[in-house]
Amino acid sequence: MTLSELAAAIGAELVGDGSLLIDSANTLEAARAGQVSFLSNPKYSKQVETTKASAVVVSPHFKMPGVNLLRHKNPYYAFMQAVVKLHGYRKHPHSGIHPRATVDSSATIGEGSVLYPGVYVGPRARVGRDCILYPNVVIYDDCVLGDRVIIHANTSIGQDGYGFATHKGADGEVAHHKIPQIGNVVIEDDVEIAANATIDRAALGSTIIGEGSKLGDLITIGHNARVGAHCLLVAQVGIAGSTILGHHVTMGGQVGVAGHLKIGDGATVAAGTGIMQDVDEKAIMIGTPAMPASQARRVYAIFTQLPELLARVKKLETGSAGSDEPEPPAEA
Amino acid sequence: MTLSELAAAIGAELVGDGSLLIDSANTLEAARAGQVSFLSNPKYSKQVETTKASAVVVSPHFKMPGVNLLRHKNPYYAFMQAVVKLHGYRKHPHSGIHPRATVDSSATIGEGSVLYPGVYVGPRARVGRDCILYPNVVIYDDCVLGDRVIIHANTSIGQDGYGFATHKGADGEVAHHKIPQIGNVVIEDDVEIAANATIDRAALGSTIIGEGSKLGDLITIGHNARVGAHCLLVAQVGIAGSTILGHHVTMGGQVGVAGHLKIGDGATVAAGTGIMQDVDEKAIMIGTPAMPASQARRVYAIFTQLPELLARVKKLETGSAGSDEPEPPAEA
Amino acid sequence: MTLSELAAAIGAELVGDGSLLIDSANTLEAARAGQVSFLSNPKYSKQVETTKASAVVVSPHFKMPGVNLLRHKNPYYAFMQAVVKLHGYRKHPHSGIHPRATVDSSATIGEGSVLYPGVYVGPRARVGRDCILYPNVVIYDDCVLGDRVIIHANTSIGQDGYGFATHKGADGEVAHHKIPQIGNVVIEDDVEIAANATIDRAALGSTIIGEGSKLGDLITIGHNARVGAHCLLVAQVGIAGSTILGHHVTMGGQVGVAGHLKIGDGATVAAGTGIMQDVDEKAIMIGTPAMPASQARRVYAIFTQLPELLARVKKLETGSAGSDEPEPPAEA
Numbered sequence: 000m001t002l003s004e005l006a007a008a009i010g011a012e013l014v015g016d017g018s019l020l021i022d023s024a025n026t027l028e029a030a031r032a033g034q035v036s037f038l039s040n041p042k043y044s045k046q047v048e049t050t051k052a053s054a055v056v057v058s059p060h061f062k063m064p065g066v067n068l069l070r071h072k073n074p075y076y077a078f079m080q081a082v083v084k085l086h087g088y089r090k091h092p093h094s095g096i097h098p099r100a101t102v103d104s105s106a107t108i109g110e111g112s113v114l115y116p117g118v119y120v121g122p123r124a125r126v127g128r129d130c131i132l133y134p135n136v137v138i139y140d141d142c143v144l145g146d147r148v149i150i151h152a153n154t155s156i157g158q159d160g161y162g163f164a165t166h167k168g169a170d171g172e173v174a175h176h177k178i179p180q181i182g183n184v185v186i187e188d189d190v191e192i193a194a195n196a197t198i199d200r201a202a203l204g205s206t207i208i209g210e211g212s213k214l215g216d217l218i219t220i221g222h223n224a225r226v227g228a229h230c231l232l233v234a235q236v237g238i239a240g241s242t243i244l245g246h247h248v249t250m251g252g253q254v255g256v257a258g259h260l261k262i263g264d265g266a267t268v269a270a271g272t273g274i275m276q277d278v279d280e281k282a283i284m285i286g287t288p289a290m291p292a293s294q295a296r297r298v299y300a301i302f303t304q305l306p307e308l309l310a311r312v313k314k315l316e317t318g319s320a321g322s323d324e325p326e327p328p329a330e331a
Numbered sequence: 000m001t002l003s004e005l006a007a008a009i010g011a012e013l014v015g016d017g018s019l020l021i022d023s024a025n026t027l028e029a030a031r032a033g034q035v036s037f038l039s040n041p042k043y044s045k046q047v048e049t050t051k052a053s054a055v056v057v058s059p060h061f062k063m064p065g066v067n068l069l070r071h072k073n074p075y076y077a078f079m080q081a082v083v084k085l086h087g088y089r090k091h092p093h094s095g096i097h098p099r100a101t102v103d104s105s106a107t108i109g110e111g112s113v114l115y116p117g118v119y120v121g122p123r124a125r126v127g128r129d130c131i132l133y134p135n136v137v138i139y140d141d142c143v144l145g146d147r148v149i150i151h152a153n154t155s156i157g158q159d160g161y162g163f164a165t166h167k168g169a170d171g172e173v174a175h176h177k178i179p180q181i182g183n184v185v186i187e188d189d190v191e192i193a194a195n196a197t198i199d200r201a202a203l204g205s206t207i208i209g210e211g212s213k214l215g216d217l218i219t220i221g222h223n224a225r226v227g228a229h230c231l232l233v234a235q236v237g238i239a240g241s242t243i244l245g246h247h248v249t250m251g252g253q254v255g256v257a258g259h260l261k262i263g264d265g266a267t268v269a270a271g272t273g274i275m276q277d278v279d280e281k282a283i284m285i286g287t288p289a290m291p292a293s294q295a296r297r298v299y300a301i302f303t304q305l306p307e308l309l310a311r312v313k314k315l316e317t318g319s320a321g322s323d324e325p326e327p328p329a330e331a
Numbered sequence: 000m001t002l003s004e005l006a007a008a009i010g011a012e013l014v015g016d017g018s019l020l021i022d023s024a025n026t027l028e029a030a031r032a033g034q035v036s037f038l039s040n041p042k043y044s045k046q047v048e049t050t051k052a053s054a055v056v057v058s059p060h061f062k063m064p065g066v067n068l069l070r071h072k073n074p075y076y077a078f079m080q081a082v083v084k085l086h087g088y089r090k091h092p093h094s095g096i097h098p099r100a101t102v103d104s105s106a107t108i109g110e111g112s113v114l115y116p117g118v119y120v121g122p123r124a125r126v127g128r129d130c131i132l133y134p135n136v137v138i139y140d141d142c143v144l145g146d147r148v149i150i151h152a153n154t155s156i157g158q159d160g161y162g163f164a165t166h167k168g169a170d171g172e173v174a175h176h177k178i179p180q181i182g183n184v185v186i187e188d189d190v191e192i193a194a195n196a197t198i199d200r201a202a203l204g205s206t207i208i209g210e211g212s213k214l215g216d217l218i219t220i221g222h223n224a225r226v227g228a229h230c231l232l233v234a235q236v237g238i239a240g241s242t243i244l245g246h247h248v249t250m251g252g253q254v255g256v257a258g259h260l261k262i263g264d265g266a267t268v269a270a271g272t273g274i275m276q277d278v279d280e281k282a283i284m285i286g287t288p289a290m291p292a293s294q295a296r297r298v299y300a301i302f303t304q305l306p307e308l309l310a311r312v313k314k315l316e317t318g319s320a321g322s323d324e325p326e327p328p329a330e331a
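Line order of the protein sequences matches chains A, B and C. Taking numbering that gives the first Met the number 0, the leading residue of the first sequence gets 0, the next gets one more, and so forth. Taking numbering that gives the first Met the number 0, the leading residue of the second sequence gets 0, the next gets one more, and so forth. Taking numbering that gives the first Met the number 0, the leading residue of the third sequence gets 0, the next gets one more, and so forth.
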């Protein structure tokens with residue numbers, strides 16, 4: 000593919016020699032002649048000078064004499080399109096249901112879906128069209144997947160939610176009694192779920208993963224939770240039961256969210272944050288307990304300087320405040 | 000089933016029309032005529048007014064004219080019994096060992112146990128009666144499961160514990176040498192373990208999960224740890240090696256517990272807490288590092304208001320303390 | 000095996016009766032006659048007095064009259080060797096590729112490697128010699144494992160990294176578009192990975208796990224991350240994409256590391272720590288946000304005593320500072 004053809008294919012403005020041949024994509028650092036790369040973070044601009052790539056996808060006003068540029072208002076998206084053109088998505092080693100996948104006779108699998116070895120699809124479950132279930136994915140009974148859903152290896156969908164009624168028996172022993180989990184999981188179109196994740200079925204009704212949402216490795220979604228459309232939940236996030244996420248919510252790795260909460264549309268939650276209260280639309284939350292970003296930044300700046308704050312209080316206690324002694328170290 | 004019959008079956012006091020037919024259970028919000036629902040959290044009392052459920056399980060003194068009530072001193076437990084009566088537990092699509100489960104010839108599987116496709120049971124392992132091992136559960140060699148144990152999809156039981164001896168070799172290279180993990184895992188009766196969890200085998204002796212305990216998704220239990228009877232450990236909890244939990248311990252999601260600790264009977268640990276020291280019986284622990292709940296609440300209230308505390312110290316330093324200036328914002 | 004033979008085999012100095020027969024290893028507490036035990040933590044010295052073990056591996060200058068001692072400068076390593084001599088490593092119930100493992104015809108499996116039932120090895124993947132892949136391990140296409148790699152049950156290697164380009168479409172809808180993940184995972188020699196872990200393939204190039212590193216249960220390593228040689232990463236650690244760990248890095252359980260960071264050689268990170276910045280060589284980091292250990296200890300000591308700090312500030316505000324009133328409680 001020539002650079003001109005690639006520019007046209009991804010809707011980029013070409014600055015440079017359109018006749019060059021491009022065969023693949025790579026990072027700025029590792030690229031060689033014949034490869035296209037990209038710059039989305041200005042922090043790495045220096046690498047554009049030294050890259051051996053034949054062309055670099057950049058933002059509209061970026062300049063670098065001597066380097067062939069493909070300008071696009073969303074360089075990362077344009078590069079993604081280039082990777083798709085040049086490499087495409089995975090070619091599967093088989094089509095349809097692999098003989099070592101186990102599909103219950105009452106389940107339905109849509110046309111074009113690929114089920115790898117070790118996949119299990121239980122009674123009455125429905126898998127839409129053009130889905131990919133990688134090895135050892137388990138779909139419990141009655142769960143429903145839309146179209147173009149991708150689920151990576153060893154992920155479990157629809158196991159029983161964590162529902163137990165605690166009761167002191169006639170023998171005086173306090174024990175936990177299993178509540179039948181008679182709901183299911185519904186995964187809407189274009190969802191991708193990474194490896195070894197767990198989505199619990201609802202106690203009653205449905206646990207729902209909204210259209211176009213992307214869930215990372217080792218995520219867990221509790222029973223009756225609802226994740227809105229186009230959410231991004233990075234690895235190891237845990238959402239407790241009955242919590243509702245709006246659409247376009249973003250959560251970094253290892254975020255934990257308590258049960259029965261509402262997280263507003265477009266909210267962003269930093270990695271490692273612990274959410275114990277409802278979150279407003281478009282809020283940016285950081286820390287444990289979760290605070291709005293501006294508050295959290297001030298709180299943590301003082302937190303890491305607590306020894307200095309204590310020293311200042313001690314100085315006040317000994318009556319030296321206002322004296323001409325040297326200043327204590329300033330807080331960040 | 001009539002409402003009278005249901006009331007009798009779950010040991011509830013009926014207030015209302017016992018002749019109504021009940022066919023299933025649902026939430027207050029989603030229920031329709033012919034369904035039973037429940038109220039265990041008074042916060043949702045309003046929903047009893049508007050529910051379309053034909054009856055609602057409530058606590059003994061609850062009143063709501065015009066609504067059929069099933070009064071029980073433990074409404075959640077009574078509702079659980081109703082769900083069991085009306086819906087029952089999962090009916091499995093096969094009985095016994097599925098031909099696609101792999102059981103070593105030296106392993107034993109008790110009567111009434113159901114092994115789904117992809118299950119692996121290793122040499123000399125023993126599975127008790129009426130157990131359910133969902134797809135792709137792995138039980139390593141020599142592990143022992145009691146009766147009525149339920150293990151959900153993709154959970155691993157008995158893999159080697161994290162045991163390595165670090166040693167500087169003759170070549171000066173510091174490397175980590177695997178210590179054979181010659182113990183096993185013992186899971187007592189009536190334990191339920193959710194999906195994609197990991198229970199490590201003991202280095203020597205046994206890692207033990209006590210009778211009636213319920214473990215959530217993605218939990219990990221380190222080698223030689225012991226979980227007492229009737230514990231509730233929610234998703235993503237991590238218990239390091241050789242730690243001992245008493246009975247009736249409750250831990251919220253994402254709790255981490257360091258190794259070689261003792262957690263007393265009946266202790267409760269809030270979600271996200273990091274435990275680095277022994278915990279007393281019946282203690283309620285919150286935060287990182289874990290603190291008794293009353294202390295933690297005061298600490299975190301001040302923590303989130305640290306900028307105000309700093310402002311007060313600054314004011315003292317500039318000599319304005321005791322002046323008639325406006326008060327700084329009060330801490331929570 | 001006599002105690003003399005065992006001493007010679009593990010390179011220990013024998014103090015006591017070399018003619019005793021030793022048949023197995025155990026903890027100080029559980030050992031009986033005929034067993035060898037060890038003491039590596041002086042905290043448990045008392046148990047050497049009361050153990051029923053026939054011999055105890057101890058450090059060079061340890062004394063305990065009446066107990067047979069095996070002195071070694073690294074008792075834990077010496078004991079490991081004893082366990083290997085007396086018990087050996089797991090004997091597998093089959094050799095080679097189990098008929099229920101699925102290996103793509105274009106993949107290669109080295110001599111001496113054992114693949115358990117349910118293992119999947121994708122197109123063009125290469126597994127070295129003497130590897131062990133426990134049940135339901137999944138190796139995606141093009142991934143490469145060195146020699147003597149051990150991977151425990153239900154772990155996923157090489158699934159697509161979390162790579163999506165967010166773009167507002169012509170219809171005004173903001174959606175996330177999958178970026179083909181065309182790289183792979185390279186796992187070097189002598190790596191061990193525990194159960195239900197996830198190592199994402201690189202977007203471009205390779206995600207690398209360095210020689211001799213040991214990864215715990217439920218760990219996740221993001222795309223294009225590199226873990227150096229001889230690292231120890233305990234259970235539930237999460238390393239985000241493109242982060243680079245040096246060699247001999249140690250991380251406790253549930254540590255989270257943000258993307259695009261560098262963690263220096265020999266750094267140690269305490270359990271539960273959240274790393275958001277580069278870490279120096281040999282640094283010891285604790286807390287969220289991560290701080291050098293000495294700072295973190297002071298910060299957390301004040302943190303847990305914040306109510307006392309607030310009380311001291313209040314006292315200053317009311318003008319009683321410097322008075323002869325009783326002292327407020329001291330901070331830890």
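FYI, nobody ran anything at the bench for these hints, they're computed from the structure. Don't take each hint at face value.
Copies of the same chain look alike in the list, so a pair counts if it fits in one copy or across any two.
[What the hints assert, rightly or not] EDC-like mimics (lysine to aspartate or glutamate), calculated; alpha carbons at most 16 Å apart, straight line:
| # | residue 1 | residue 2 |
| --- | --- | --- |
| 1 | Lys177 | Asp188 |
| 2 | Lys177 | Asp129 |
| 3 | Lys281 | Glu110 |
Structure-based check of all given hints:
Proximity of Lys177 to Asp188 under the C-alpha cut-off of 16 Å is restricted to the inter-copy arrangement: shortest distance 14 Å between copies versus 32 Å within a copy. Proximity of Lys177 and Asp129 under a CA criterion of 16 Å is satisfied inter-copy only: 15 Å between copies versus 36 Å inside one chain copy. Taking the shortest Cα distances, Lys281 and Glu110 never come within 16 Å of each other, neither inside one copy (38 Å) nor across copies (55 Å).
In summary, the one numbered hint that this structure violates is 3.
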